[in-house]
Amino acid sequence: MTEGVSSMVRLRARDARVMDRDRAFRRKIAAVARSYDGVPYRHQGADRRGCDCLGLVRAVWRELYEDEAEIPPAYGPGWADASGVETLLNAAGRHLEARPVAAMAPGDLLVFRWRPHLAARHCGILVADDRMIHAYESAGRVAEGHLAEAWRKRIAGVFAFLRPPEGCSFTNSSLNGSAGTAENS
1 MTEGVSSMVR LRARDARVMD RDRAFRRKIA AVARSYDGVP YRHQGADRRG CDCLGLVRAV
61 WRELYEDEAE IPPAYGPGWA DASGVETLLN AAGRHLEARP VAAMAPGDLL VFRWRPHLAA
121 RHCGILVADD RMIHAYESAG RVAEGHLAEA WRKRIAGVFA FLRPPEGCSF TNSSLNGSAG
181 TAENS
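Numbering follows the numbering used here, with no gaps: position 129 of the sequence shown is 129.
If you are wondering where the hints come from, they were derived from the structure by calculation, not from laboratory data.
Watch out, some of these pointers could steer you wrong.
Listed next, with one range per pair, are the computed distances between beta-carbon atoms [what the hints assert, rightly or not]:
1. Trp114 <-> His146: 15 to 23 Å
2. Arg23 <-> Ser138: 30 to 38 Å
3. Ala148 <-> Ala105: 13 to 21 Å
4. Gln44 <-> Tyr65: 14 to 22 Å
Glycine included, each C-beta is placed from N, C-alpha and C at the ideal position.
Could you put the whole structure together from the sequences, leaning on the hints where they help?
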């Protein structure tokens, strides 16, 4: 009986460490995303000199994983409307873990669809329970804003960034550090 209790205590302690590590990783995602607040909007940009919504996610990804997940082909402003292909949702599904909308948490990628019959064509990163950061053309910059009902009803998908495995450079060097500020090219 004592051995069983001891095993349960060890499992709970391990689970608590994993949960703490997940929370720390999610805080890091939000901090990196927020470090782009104010960066100018630039169509197809993906660094601190300027970015669009996809470029913001790509820049955050590079700071988290020190590599590019996937380089998208050139795209025009109305690319999703013209093709009808779920490019953003498909790409997110290749690199991130899908989550139910009800389970979204700070650090998750949110993908938006403007109208039910159109492909999803905008994304942002949830940085607090009711706040997101995204590059929005009409704002002319990356901006943090309230995740109002008008945004919530347009969510087409929620995706979690995958926590790097134990021992990778992210967990060793930057998990407890501040968001990176180096210029990306």
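Outcome of the hint check:
1. Trp114 <-> His146: 15 to 23 Å: Hint holds: Cβ distance 18 Å, inside 15 to 23 Å.
2. Arg23 <-> Ser138: 30 to 38 Å: holds (33 Å)
3. Ala148 <-> Ala105: 13 to 21 Å: holds (18 Å)
4. Gln44 <-> Tyr65: 14 to 22 Å: holds (21 Å)
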